[in-house]
Structures are given as C-alpha cells and as structure tokens.
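Enquirer: Residue numbers (the numbering used here), protein chains in the order written: chain A, 512 to 835; chain B, 512 to 835.
Some clues are possibly wrong.
Copies of the same chain are indistinguishable here, so a pair counts whether it falls within one copy or spans any two.
[Unchecked claim] Listed below are the simulated DSS-like cross-link pairs for lysine-lysine, each with C-alpha atoms no more than 25 Å apart in a straight line:
(1) K825 to K557
(2) K705 to K616
(3) K820 to K788
(4) K826 to K705
(5) K818 to K549
These are computed hints drawn from the structure, not numbers from a lab. Note that the coordinates shown come from a computational prediction; the quantities given were computed from them, not determined experimentally.
Protein chains: 2
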Amino acid sequence: METKGTLLSYRPDIRVVDATIRDGGLVNDFRFTDEFVKKLYETNIKAGVDYMEFGYKASKEIFDTNEFGIWKFCDEEDIRRIVGDNDTDMKIAVMADVGRTDYKKDIIDRADSVIDLIRIATYINTIPAAIEMAEYCHEKGYETTINIMAVSNDNDADIDEALELICQSNVDGVYIVDSYGAIYPEQMRKLSEKYCRFAEKAGKFVGIHAHNNQQLAFANTIEALRMGVSYLDVTVNGMGRGAGNCSSELLLGFLKNPKFSVIPLLDFLEKYMLPLKEQGVTWGYDIPYLLTGQLNQHPRTAIEAIKQKRTDYKKFYVDLYDYK
Amino acid sequence: METKGTLLSYRPDIRVVDATIRDGGLVNDFRFTDEFVKKLYETNIKAGVDYMEFGYKASKEIFDTNEFGIWKFCDEEDIRRIVGDNDTDMKIAVMADVGRTDYKKDIIDRADSVIDLIRIATYINTIPAAIEMAEYCHEKGYETTINIMAVSNDNDADIDEALELICQSNVDGVYIVDSYGAIYPEQMRKLSEKYCRFAEKAGKFVGIHAHNNQQLAFANTIEALRMGVSYLDVTVNGMGRGAGNCSSELLLGFLKNPKFSVIPLLDFLEKYMLPLKEQGVTWGYDIPYLLTGQLNQHPRTAIEAIKQKRTDYKKFYVDLYDYK
C-alpha cells in the first residue's frame, strides 16, 4: 500500500479537528461553562488546531433543552457569545445527526452564520438521508463531511457502495469513524487506503475519528494519516464517550508542521481538565470499554457498567456474549 | 516489508511473557505479597501465558535487601515457595541486569533451578558484557535473551553491529525494548524487520517490550508481531514503570490461538489489581510520561514529577529541554 509523507516531513493537507465539546459533551450532557469553552477556543487557536467542533445541532423537537447543556443544540448566539465573529484562522464546526436534526429549520445560510463546517453523522443504512442533508448544507454554503459511524460493523461491499454514493455528491469529505474502538491498525490502514482511493478520484478528503477502547485511538489516527487521511479528530485528554478519543496532546506533539504546538494545551490540561476530572466527570480506558471494543460492540453496556461502578469484569464479559 | 500471519490466523511461534512482577516491581519496590504472586501465577497458567518473569536477579552486594522486596533478588527458594517444581506448561523467567548481577555466584545450574529463561538487560554500549553473561547462562543450561534497552536512542549502525555480535553468540533471542515509550508504529515495524532479518539467519527469535508513554505499547506490540516478532511482553493492567507496559488483557484478547484466554485475567484484575491501585500504587498513562516519551527521554523526570504530584505541565515540559 502506498503511503504519504515521512516521520520528519509534514503534509500541508493535514487538518486537526478538536471535538472536545462535542464528543466530550456526551460525557457531561454538554454542560460546559462558557469559561471552559472560551479558554478551549483560545487554546486551540494557539495550538494550531484547524477546526473546533462546538457540539451538535440537535432537534429541540426530539430533545428536551432542560435535559442537556446548550452545546447539544449549538444555537448561533451561543457560539457567537464565545467566538464573536471568529476573526481567526480556526474554523468552527458542528455535528448534525441524521434523523435527529431539524436541519431545514436550524441550519441557516452560512453567510449569516459563524459556522464553517457541518459534519453529518450517519450509520451506513442511512447514507441517502445523510447525502440529502449534506447537499442541503452545501447549498447553504457550508463545508460538509459525512461521517460513517460504527464502520467496524459494516461489510466491505456496503462500504464500497456508500463511498461510491458519497463521492457522487457535493460533500467535501468523508470520515472513518471507529465508534466501538474495535479496529486494529492493520485494518485501519486498509480502510484508509480504500476511503482515500474513492475520495481522491472525486477530489474529496478523508477524515478519521477514533475511539480508545483498546488504547489504539492515537495509533490508528497516525496510521490512517500515513495512508493519506488528512482530517484528524482529537479531544483534549481524550475526553469523549466511554474510553474517549485520540488525545490532542498526543497528536499535536507528534505532528511536524511548526504551526502545531502542544504547549498551550499543557496549561489547559492543568487548569481546566484536571478540575473536570476532580468533579467526577469520567472517561478514558477502562476494562469494560476494552471488552466491548474487543468484541466489536457498542459501548453502551460498558458505559452503564462504569456508571454503576461494576468491577465484576468476568460476569460483565460473559454477559456481553448475549448481545452479539 | 514482508509480514507474517493474518488477523484471523495464529502463529504457533508466539510466546506471551508476563512481566508484571518484574516491571511492576519497579513501581512498588518489588513488595508483592506471596498471595498476589501465587494468584498471578495461577492466572497466567489459565490464561495461556508462556513465560512468567518473577523479578530481577539483582546483586545483594549492590542493593540492600532491606530496601526492596524479595522479587528484586529472586532467590531460588522464594520462587519455589510459589511454584513448587513448576510442574506446568508455563516457564519461569528472571531478568539479570548487566553490571548489577553477581551472576557467577547467584545463577546456579539450571538442573538445580526452577528457572527456565534468563533475560539479560543491557544498553547498547555493554553488549560484550551482556553476551558474556548470556554465554555463562547458556553454559549453565538456561534459555537466554539479550534485551537491548532504550533502543530509540541508538543509531542504526550501532544496532546493526549489536545484532551482528549477538547473533554470533549462543543466545536464543534478542529483544527490542522501547524503554522511553518513544517509538511510533512506523518505526517499530522497521526495527522489527531489521531485528528479524538478523535473528532469522542465525536461528534466533525476536521479542518486544513496549512502554505506554504515548499510548502505543499495545499498537507497537501487535505491529512488531506482524513483522515476525514472536516473544511478546505484557503486564496485567499494564503495571510497570512510569506509563507502564502493554496490558495482558489487551494482548490476550487479541491473539487468535485458542490456548489464550482473557477471562482468567478479568478475575485477577478485579480481585488483585484494583486493591493495589486503591492502596495508591500508581502507574499508567499521564501527561508527564507522554512528554518524556514525545521527547525520547528516560522517564525518570516524569516519575519524579508524578511522585511530587506536579501538575504544572507547561513548566515541566519546558524544563525537559534542558535534559536533551
């Protein structure tokens, strides 16, 4: 398989996407203080991050605004309270779930919005709906990606067909999403090669969003990068659902483009992430997450086990077989 | 680069080496209860582990026996108290450091010992001394390996020369040791390919001992495995110096040989590792370890920072530049 770049050079096509508020929001129901979000915004700018994802554009018909913090909905005025007109080099992203977004109501013209990129999250069976949403957002003037979740559960022929469809659309990029943290580097290289093969022909880019159930999020991210993947999702200290994500501090210390720096993050880690952990917000590698990852299952059972402080790992594991 | 095996098949040459007491002993000064060691021994047997390393054969002239638990010295009678005559399929290993072992006094004939494998730990500048020790142990009837530590700091020509010398000796295997947790999978594959190239010609095997500073211990282990490396070091829950090692539960859940099972480990994790952590024994990924790994430095400064509960990560990082 052909690779791109070396360990000493850097690829100008690389974009680092910080998803701390969005994926981390799944841990604390999107209840971040404005100060936290503002400091993260400033930190990301200093660290050379290319995109910061503020949360979801979730439907207020489907979700109760009293049950979640504001970043589940990402109202324009909430983002602007943090970023003003975002007169910086860093772009603003939000995520929109297929079937859970009132996109025709909630996604306004880009000319009137501070948002640059809308990432559409879908499972493989709703690709046509995802494309419809992407086309709508594209029409409104946004950059768009389609993020195919839980790809470790899909078969090759279906992935090929999905990529074929996506590459005929106006979407700008397509993401490999290892929702279950089940993919090994060897598989990630093959998937990356496949996604890049489809995307390059169509003039699109490929991104990666990894989970850390098997402590492979960083490894899978840099192996995907070698194969040509260029949009790289990170979260500070790996904050994200379950075992969390590829840590910003791992990736930004690895990348060779001098614009990236790990130093601003170190201050943020001390002053904002440690207090969050001390408050009892919990994420990161733990045995139940490892086990759902190994079995290529959704982490929901592991999340529940951790919430209940279960440590009967053997029973938990044996029970998992019933979910296959 | 040529690879060995696939994700579905298994390689009969694979040997899993549990180094929990030895590398984990660096965290608690080798003060494990007999019950802990005995249960780990039984767990490893059930899990299909091939070798269990009990600790170091350290010189009692150099080290004070009052300052360390018994597994720093691994007296024959201490091992036998746990394993009897070890009438099992699992073999017993110990580590012997070049320059810190009275090997002519403390290493007896294998016929009189329950130990099977002696692993000789060396830096690249003491390879001749390591070979002398290995030859001595070989004469006494033991299996032997030479483990070249901190190889991320060595240059290619020196590694070639070291491998050349080792391959002319009677040693059975040679280990890649990423002491600093600084090596990326791409580099690990190249190193593995090199080690295997030398070793195969000489009829020897190659092992890997990885550290988790950059959350790459498991990834590097399975990538080395793909390239032909066959002796794979693990520790339960990754217990080991600093950021720790490749976790047994990650690797044993990954390997495809039906003799390996993660289930016995799950009980041990609950009943023995959780209490150890609750007692305040500390290891595993943390920001200071990540930073020494990124900078390819010995973790001693990070270990000290963690001991002092320092969280001024930025100052810590900037200071590290003085150690280069």
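Enquirer: Does each hint fit the structure? Answer for all of them.
Expert: Cross-check of the supplied hints:
Within a single copy, K825 and K557 get their C-alpha atoms only as close as 45 Å, which misses the 25 Å cut-off; across copies the closest is 14 Å, which meets it. Neither within a single protomer nor between protomers do K705 and K616 lie at most 25 Å apart by alpha-carbon distance, with minima of 35 Å and 59 Å respectively. Proximity of K820 and K788 under a CA criterion of 25 Å is satisfied in both settings, with 16 Å inside one chain copy and 15 Å between copies. When the C-alpha separation of K826 and K705 is checked against a cutoff of 25 Å, the pair qualifies neither within a copy, at 38 Å, nor between copies, at 43 Å.
Taking the shortest Cα distances, K818 and K549 never come within 25 Å of each other, neither inside one copy (29 Å) nor across copies (32 Å).
Of the numbered hints listed earlier, those contradicted by the structure are 2, 4, 5.
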